[in-house]
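Asker: With the hints as your guide, set chain X onto chain V.
There are 2 protein chains.
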Amino acid sequence: MIGRLNHVAIAVKDLEASTALYRDTLGARVSQPQPEPEHGVTVVFVELPNTKIELLEPLGADSPIAKFLERNADGGIHHICYEVDDILAARDRLKAQGARVLGSGEPRIGAHGKPVLFLHPKDFLGTLVELEQA
Amino acid sequence: MIGRLNHVAIAVKDLEASTALYRDTLGARVSQPQPEPEHGVTVVFVELPNTKIELLEPLGADSPIAKFLERNADGGIHHICYEVDDILAARDRLKAQGARVLGSGEPRIGAHGKPVLFLHPKDFLGTLVELEQA
Numbered sequence: 001m002i003g004r005l006n007h008v009a010i011a012v013k014d015l016e017a018s019t020a021l022y023r024d025t026l027g028a029r030v031s032q033p034q035p036e037p038e039h040g041v042t043v044v045f046v047e048l049p050n051t052k053i054e055l056l057e058p059l060g061a062d063s064p065i066a067k068f069l070e071r072n073a074d075g076g077i078h079h080i081c082y083e084v085d086d087i088l089a090a091r092d093r094l095k096a097q098g099a100r101v102l103g104s105g106e107p108r109i110g111a112h113g114k115p116v117l118f119l120h121p122k123d124f125l126g127t128l129v130e131l132e133q134a
Numbered sequence: 001m002i003g004r005l006n007h008v009a010i011a012v013k014d015l016e017a018s019t020a021l022y023r024d025t026l027g028a029r030v031s032q033p034q035p036e037p038e039h040g041v042t043v044v045f046v047e048l049p050n051t052k053i054e055l056l057e058p059l060g061a062d063s064p065i066a067k068f069l070e071r072n073a074d075g076g077i078h079h080i081c082y083e084v085d086d087i088l089a090a091r092d093r094l095k096a097q098g099a100r101v102l103g104s105g106e107p108r109i110g111a112h113g114k115p116v117l118f119l120h121p122k123d124f125l126g127t128l129v130e131l132e133q134a
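Going down the list, the protein sequences come from chains V and X.
Once you know that position 125 of the first sequence is 125 in full-length UniProt numbering, the rest is easy, because the numbers rise by one and skip nothing.
Once you know that position 129 of the second sequence is 129 in full-length UniProt numbering, the rest is easy, because the numbers rise by one and skip nothing.
Only chain V is shown next, with the shape it has when bound in the complex (with noise of 0.2 Å):
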């Protein structure tokens, strides 16, 4: 079912300071920073020829990521994203194994345009999982 990893998600407190680590001192081809008020988050992608690292800055009062943040002062992986054909079969299939989706269990529109949605990080092995239809 899950097919690529979209990408794995790092939160930081500076996305500057982080960006440029990545790209001067790991030597990695990184983008502009992209406000993403929706998602409480200003992102910056590391392009790696096979898959892409986003680094994520809080954005707003209400970012997802900021109680990450407090308990991870110096920043870590907050999720992985698989991609996947179907979002809503795989949704069912899922849920009916038994694991748990968070929010409402409907699809949001992600921060690439496509639907997402988020799983129980205690249900897959203390990893918060991003699914992207692809």
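In case anyone wonders, no lab produced these hints; they're calculated from the structure.
Any given hint could turn out to be false.
Which copy is meant is left open, because identical chains are indistinguishable; a pair holds if it fits in one copy or across any two.
Claimed, not checked - Here are the simulated DSSO-like pairs of lysine-lysine, each with C-alpha atoms no more than 27 Å apart in a straight line:
1) LYS67 - LYS52
2) LYS67 - LYS122
3) LYS95 - LYS114
4) LYS114 - LYS67
5) LYS95 - LYS13
6) LYS13 - LYS122
7) LYS52 - LYS122
8) LYS122 - LYS95
This structure is a prediction, so every number in the text was calculated from the model and none was measured.
Answerer: Just chain X now, kept in the frame of chain V:
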């Protein structure tokens, strides 16, 4: 400098249940368990179209992931691995920029039979980074 994302490593307490989760619930292709006594882990490879997820279970008394699992009872992402063309050149570039290399600073032969180094999470956004010579 960094190239492909070689893998994301997830530390798990129960490799059999974790393998079933990725195979049966998430529908991915998974390998047979592979004991790596020199690295203190048993590994299952989850083969995605563009990269791998590695499920790591502690093996032996001195497993490097045992303490991580004491702190993270459900498991969790332990490290991410980027490929580099020349690991000694990569190390020297990173050290010149003030980044800390773990251990002796000399590459070891990793679980794929290639030279690897680990970088200090405090210097890389709270993320343990492995570099592997491609």
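Asker: Please write out, lowest number first, the hints stated earlier that are contradicted by the structure.
Answerer: none
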